[in-house]
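K.L.:
Those protein sequences? They're chains C and B, same order as listed.
Each residue of the first sequence is one higher than the one before, starting from 1 at the first, in the UniProt record's numbering.
Each residue of the second sequence is one higher than the one before, starting from 1 at the first, in the UniProt record's numbering.
Hints are computed from structural coordinates only; laboratory data are not their basis.
As the structure is a computational prediction, the values presented were derived from the model and not from experiment.
The beta carbon of each residue, even a glycine, is placed where N, CA and C say it ideally should be.
Heads up, a few of these hints could be off.
[Said to hold, decoys possible] Calculated lysine-lysine pairs in the DSS-like style (CA-CA distance at most 25 Å, straight line): (1) C:Lys145 <-> B:Lys60; (2) C:Lys6 <-> C:Lys50; (3) C:Lys150 <-> B:Lys141.
[To be verified] According to the in silico footprint, chain B covers these stretches of chain C (three or more CB under 8 Å from chain B): (4) 130-141; (5) 224-237.
[Claimed, not checked] Some chain B residues judged to face chain C by a derived CB distance under 10 Å, without partners named: (6) Phe127; (7) Cys177; (8) Gln180.
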Amino acid sequence: MTLKKKLAVLIDLSGTIHIEDCAIKGAIEAIGRLRANPRVRMRFVTNTTKESIGRLHSRLQKIGFDIAKHEIFTSMSAARRLVENERLRPMLLLEDVALEDFEGIDTTNPNAVVIGLAPSQFYAERMNEAFRLVLDGAKLIAIHKARYFKSADGMALGPGPFVQALEFATDTKATVVGKPESAFFHMALQSLMDEESAEEISAEDAVMIGDDARDDVQGALDAGMKAILVKTGKYRDGDERKITGDPPALDSIVDAVDYIERLIDNS
Amino acid sequence: MNWLSKPVRGLLLDITGVLYNSGEGDGVAIASSIEAVKRLQASDLKIRFVSNESSNTRAKLAAKLGRLGFEIQEEQLFTPAPAAASYLRQHGLRPHLLVHPGVQDEFAEFDMTDPNCVVMGDAEREFTYQNLNTAFQLLIKLDRPQLITLGYGKYYMETDGLKLDVGAYAKALEYACDIQSLVIGKPNAEYFSAAVADMQLTIDETVMIGDDILSDIGGAQKAGLRGVQVRTGKWRPQWENHPIVTPDGIVDNLAEAVNLLLAQNAA
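With the hints as extra help, turn the sequences into a complete structure.
P.N.:
Laid out in structure tokens, this is it:
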């Protein structure tokens, strides 16, 4: 008897399984079904530059999801992985709440700059410090490059403009680590193989489920994975037409899990 | 020499690297330039000292140059802040200022309630997330967001290290708002033309002397002026055969240019 191949399922968080503090209808039970399936390995993947994995985890638990901390892979996990793989000592332009994701990383005598959304760090002296490092050859790593975001008192500058300032002044390009970069999806898959000490799972045996046509679906397809677009969260009519590759567009995570179960049964 | 083939009635002189080199305190005068400026002031040539300095008023800059041994009238200084002020006046604009406190006086005449553009200079310590965010929030509320920058340098050297210049922060806001700024300063051709107009001369009868081959010489040539490169300040020997800019003349220092010019005019 041959062991059947495992399937990696990568699932976006906000808009796909929950919206703020509410679960998407049927999502808790659907995640439970995937967990009960011996052929499935899961990772919950999201772009965040402010919330640590610990905070995301306790929020998901409060909503009622049965998700372990190590199953969450964020853009900050990707930055950490890149730092570890390349043995870098980063200067961290991050808010204090995000720093816990970098615990144990050597930050003395930095040869890299990791930049996220960090208003308390974006002032001239600190920016000059980062600038001098990058000019001297330090690798510039951006958790993402969002231009702005909606905050309590209106629109607010994201990390993108500050990354752009450093790129312009030093004539370099930042390495962006979040979705939709292919490297992000590959690292998420790698983290799953590392921690589950499972057999190799190739990109074509991975499925990404998300509500963002560009960041989730197109990103995963470009990384050589399968993908499912769900019509919840930020989904807008016609979003599926913006994707090259014709992936299934289903009503919600519940239908996506049904689809995956059929996929497994037919293989 | 090429640049002397047509009559010269006016000179535009760069300041840093031509009159003095920056360093501790006021910096150090280039000795032969003190005498050269004296001879120019005694001649019937018109002169403007054209700089991208945006952290001092002309009065303070004149006082500083006085301490270094240069006798220069405030009216002979051409800096971005007053040029921006006249632009604002012509276009009936009400600025929000993100500038160094030392230069605010140049904008004293303007009504700053309900601003309809942002003027940004090298604000140094005023470059904080809060201040940049305020400028950003103002810009994205405008129908036609207008960002006016006093110069557009990437970085500059201070005694305690390299610092990001206004161009880097302007790039940040440009990226956030998806706009281009209007640059008032070198190497913008209109800035050189305005300095020439300020002397009531024409482009044809004016020569620019500077140490920055791209910003001073290249910029002046684009405006139709003759550009003379000095071998002081930022000068690099490989610029003798610069791939982009061919100066109309190269001289050892300001003194040599003045000697050649006054000898020619006397002949």
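K.L.:
Are lysine 6 of chain C and lysine 50 of chain C close enough, with their CA atoms no more than 25 Å apart?
P.N.:
Violated - the C-alpha atoms of lysine 50 of chain C and lysine 6 of chain C are around 33 Å apart, more than 25 Å.
K.L.:
Quick check: do three or more residues in the segment 130-141 of chain C have a beta carbon closer than 8 Å to a beta carbon of chain B?
P.N.:
holds (count 3)
K.L.:
Would you settle whether the hint for glutamine 180 of chain B is holds or violated, based on the nearest Cβ-Cβ distance to chain C being less than 10 Å?
P.N.:
violated (13 Å)
K.L.:
So, cysteine 177 of chain B near chain C? Judge it on the closest CB pair being under 10 Å.
P.N.:
holds (8 Å)
K.L.:
Quick one, are lysine 150 of chain C and lysine 141 of chain B close enough, alpha carbons at most 25 Å?
P.N.:
Given that 25 Å is the threshold and the Cα spacing comes to 14 Å, the pair holds.
K.L.:
Is the coverage entry for the segment 224-237 of chain C by chain B consistent with the three-residue Cβ rule at 8 Å?
P.N.:
violated (count 0)
K.L.:
Below or equal to 25 Å on CA atoms is what counts here, so check lysine 145 of chain C against lysine 60 of chain B.
P.N.:
Violated - the C-alpha atoms of lysine 60 of chain B and lysine 145 of chain C are around 40 Å apart, more than 25 Å.
K.L.:
Does the interface hint hold: is phenylalanine 127 of chain B within less than 10 Å of chain C, judged Cβ to Cβ?
P.N.:
holds (4 Å)
Hints 1, 2, 5, 8 from the earlier list are contradicted by this structure; the remaining hints agree with it.
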